[in-house]
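Start from chain A and add chain B according to the hints.
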Amino acid sequence: MGERRWAKGEERGANALLALHPSHFRLNWSKFMTNQNPHYTKHHPRWYRVRMPIFWWVHKWVHLKFILRELTSVAVAFYALVLLFQIRALSQGPEAYENFFAWLKTPLAIILHAIAFLFVIFHSVTWFNLSPRALVVRIGKNRLPDVVIAASNYVAWIIFSAAMAWIILTS
Amino acid sequence: MKKTTKPFWWGLFGAGGAMSALFIPILLFLTGLAIPLGWIEAPRYEALLALVKHPLTRLFIFALISLSLFHWAHRFRYTLYDGLQLKHLNELVAVICYGSAMVVTLVAGYTLWSI
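Here the protein sequences line up with chains A and B, keeping their order. The first sequence finishes on residue 921 if you use my numbering, and the numbering steps up by one all the way, no holes. The second sequence finishes on residue 117 if you use my numbering, and the numbering steps up by one all the way, no holes.
Everything hinted at is true.
Derived list of chain A stretches under chain B, where covered just means 3 residues or more per stretch with a C-beta under 8 Å from a C-beta of chain B:
#, segment
1, 826 to 834
2, 837 to 844
3, 853 to 861
4, 869 to 877
5, 909 to 920
Read the hints as simulated data drawn from the structure, not as lab findings. None of these values were measured; they are calculated from a predicted model. C-beta: ideal position from N, C-alpha, C; glycine also.
Just chain B, with the same shape it has in the complex:
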């Protein structure tokens, strides 16, 4: 049987899909809507910094950012493939999608490491 990298990317897609489905709605609602609109009092800067500095929080945020982006990369790649039928650009689209997910993963890792 021919070896492909497809199961690997699909695994990242699945993990990212599950993690983003569970956690992003509440986080997005709080940071993007409820707190800026004043429905809920904003947490203090020092408190948030202390929370983010905790190793478990850093690990969680790193996994959430990275897996969400690999989820996007995989799904968006096939959306372009099926929806816009960019089949002739298949390789280029794959490199751009997975590549940007990798770059942002590195940036997120560095940022979280150096807080």
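Same shape as in the complex, but just chain A:
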């Protein structure tokens, strides 16, 4: 991949001497910084980048927390799939649902759900805490304080959770 790009760059910068002119060079850097197309880098400045190790995020707690927060999406997708299988089993009849319920009781399913539960709680908390950054509510000229927006998320969370539990358990 890298070699192919190099060949491309060589083709385009046909006059190598002109390409080495300092002003040209500076211009190309700024082009690179604002370039919209990541595949087109005229003078392949990729070569000057510092290589990042793949596990750059394990050494610092904030970085690890960032990756863990991003990985909560895997737990979210996991539950979405479990819910889909549950609906499918429900639609196939009592026996299929019994089998699905038996799977839910296996140690593997319990462990997976326990881990996923911790992750989705982490997802909810980080999501609600970030929501004031994404949502700016103004009343007249005043901006609603961040705490109020975050708190209203938590209140909604409690109310919806109670409503869900009530609907499912009393059905």
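Same frame as chain A, but now just chain B:
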């Protein structure tokens, strides 16, 4: 200005993030932990089927499954991009992530439609 599809995917990501943050913890706790472990009595099959057959419940479950997966697709895509630095596979990763979310959305739509 160059048109991109980024705001569209971000919108699905945001909607899915909010919906999953509000509803998944309680649902996951009930169906995955409290009921299988016997802390709470399991609802009867007929009762659950009747609940799921309600059009509003179907709509809710469809939105929850679909948006949650688009939320995952967007977030996981950038986790691979930043975390594992699979930048050279950017397009492939995007197609696999959003594509699988679309496929599961279709399957969920069909399943919920044909209960």
